[in-house]
Amino acid sequence: MGVQLGDIVTKQKVELEQLRGQVVAIDAMNSLYQFLSIIRQRDGEYLRDSKGRITSHLSGLFYRTANFVEAGIHPVYVFDGEPPRLKARTVEQRRVARTEAAEEWKRALEEGKVEEAKKFAQRAGRVDEPMIKQAQTLLGYMGLPWVQAPGEGEAQAAHLVQRGDAWAAASQDFDSLLFGAPTLVRNLAITGRRKLPGKDVYIMVSPEVIELKSVLEELGVTQEQLVDIGILVGTDYNEGIKGIGPKKALELIKKEGSIEKIAGTEFGEKFEVDPLEVREIFLKPNVTDKYKLKWGEPDPDGIKRFLCDEHDFSESRVQTGIDKLTKGRAERGQVSLKKWFG
Amino acid sequence: MIVAKMADSKVWKICIGATVNLIEEAAFKFTPEGIKMRAMDPSHIALVDFELPADAFVEYNVKQPAVLGINLAEMYKIVSRAKAEDELIIELDQERNRLGLTFKGASTRKLSLPLIDVGETELPEPKIQFTATAEVSAGVLQDGLKDAEVVGDNVRFELNNNGFFITAESDKGTAELKLVKGDKALIKLNLKQPARATFNIKYLSDMTKAASSTDTMIISLGTDLPIQLDFPVAEGKGRLRFLLAPRIEAE
Chain A
1 MGVQLGDIVT
11 KQKVELEQLR
21 GQVVAIDAMN
31 SLYQFLSIIR
41 QRDGEYLRDS
51 KGRITSHLSG
61 LFYRTANFVE
71 AGIHPVYVFD
81 GEPPRLKART
91 VEQRRVARTE
101 AAEEWKRALE
111 EGKVEEAKKF
121 AQRAGRVDEP
131 MIKQAQTLLG
141 YMGLPWVQAP
151 GEGEAQAAHL
161 VQRGDAWAAA
171 SQDFDSLLFG
181 APTLVRNLAI
191 TGRRKLPGKD
201 VYIMVSPEVI
211 ELKSVLEELG
221 VTQEQLVDIG
231 ILVGTDYNEG
241 IKGIGPKKAL
251 ELIKKEGSIE
261 KIAGTEFGEK
271 FEVDPLEVRE
281 IFLKPNVTDK
291 YKLKWGEPDP
301 DGIKRFLCDE
311 HDFSESRVQT
321 GIDKLTKGRA
331 ERGQVSLKKW
341 FG
Chain B
343 MIVAKMADSK
353 VWKICIGATV
363 NLIEEAAFKF
373 TPEGIKMRAM
383 DPSHIALVDF
393 ELPADAFVEY
403 NVKQPAVLGI
413 NLAEMYKIVS
423 RAKAEDELII
433 ELDQERNRLG
443 LTFKGASTRK
453 LSLPLIDVGE
463 TELPEPKIQF
473 TATAEVSAGV
483 LQDGLKDAEV
493 VGDNVRFELN
503 NNGFFITAES
513 DKGTAELKLV
523 KGDKALIKLN
533 LKQPARATFN
543 IKYLSDMTKA
553 ASSTDTMIIS
563 LGTDLPIQLD
573 FPVAEGKGRL
583 RFLLAPRIEA
593 E
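Chains A and B, in that order, are what the protein sequence lines are. Numbering follows our numbering, in which position 54 of the first sequence is assigned residue number 54; successive positions increment by one, without gaps. Each number in our numbering comes from the position in the second sequence (counting from 1) with 342 added on.
What the hints contain is simulated information worked out from the structure, not anything from laboratory work. Predicted, not measured: the structure shown is a model, and the values here were computed from it. A portion of the hints provided could be inaccurate.
[Stated by the list, open to error] Distance ranges between label pairs, derived from CB positions:
no., chain 1, residue 1, chain 2, residue 2, range
1, B, 516, A, 165, 31 to 37 Å
2, A, 289, B, 415, 38 to 44 Å
3, A, 112, B, 409, 56 to 62 Å
4, B, 450, A, 10, 50 to 56 Å
5, A, 214, B, 415, 31 to 37 Å
6, A, 289, B, 373, 38 to 44 Å
Quick reminder that beta carbons are idealized off the backbone N, C-alpha and C, glycines included.
From just these sequences and the hints, can you work out the full model?
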């Protein structure tokens, strides 16, 4: 889920084309989870190969990534390592929610309620260890780099941006901002014509760019205070305080100054974990400088063996994806003029 | 009121013709001082900067500044109808929200196109420290680019003490153009430091194809910096300038 800051953060809609030439650090778990929840058959069932293995995540990773490689974007996927101790509860909650959703999904299917089944199916998605390995293998064949984070993928992605190795962190969650990513881009993996869940309505989704500096300026807070706002609203590491949304949290932090001050007020007793420990996770994240980013040539034979021979993907569609990767590769090196604007 | 009359429609034709392949829509700013347009292509690789001051016109009457949004493809179809040496009168029809173009030659012909809504974001002027410039014949440059296009997608421009060089290389073969000191087509060469950079040919040919081969162009370069191309406009009074971002091959 991540921290809910959407209401108080200004987003700038851009076209995929405008990101040409940029290196984007993508939260791999976040993307795989998204693929798993949206790439489904009509009844909500996963895409599977002839051996019954789920392939929704591979389909998403391959075709969607090929699209933005074609648009001249250089993706680097960042995988989660060990989660912080405080995440245990979130992880457990998610597991329970998934199990419940899986049961509801089954029930809806038996009752023949297709739309409802699909809704629950999407909530039942789980990215497991073999899926992660498969994703890494596929990225290797695609000639794309990936980074293993020691801790949270989003923290490591933010770190890549801070070091200037990437232009932006890509995620649907706003946590990247709390981790200090100077630039966040949302909707990258779902750009294009998309169906609204549960409705027969299609909308155009474009990437959104969020600059940390402007967020802080607009809200009139420091990075520490933004993290404190997140803690009040709730993060993956704490519940947040009931009844406090982003707007109220902003107001409180501006009035009181910091979470330490708030801990001394009526809200103080409502923290179920030490807010200062949560703050540390964001301000002193567990990240590493030991990574290498190298974009290579795609390996068409490897891709076809893996996707078509092993997982029964359509050969002609995969070829289209390979063509996009090759085209994007050929256009690598084209710089944008934005570099020279003062 | 906006009325602008040019003795020769060619300037307008070159400006639109060189821009139409890069940008779909453009905002032309009409002020009492003259006409300006600066725009980037959607992928932010190329920039066009056009300026025509009031004194480049035979008649120029703009009381209130106005920004007119124009679909360049439609505009190009219209200016293409002008005959050589036709006079051109640009006129705003405020009531019907149209821009009229009148060609005066053997007869008087008038065409018009609807104005469109365009965002009014002002682009800053990029800051680039070029280290070398050369003035070359447009025809020679066009030929060099056409040669390069035969073998590849990218072309390397180089200015050094010996002269101006274009090279392209791919598994299809090589192409090379040399203009050394003393060659007639190399009109001027100014070096602070030798420079070289690589560019996408397609953008360059789009930018240069509207020029007539007898024109000259000023090329500004810096190593791994964008290239700047300046076309002569209205005896040096105006400006038609292109910037194109380089390709930089990282490891």
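Against which earlier hints does the structure fall short, listed by number upward?
2 and 6
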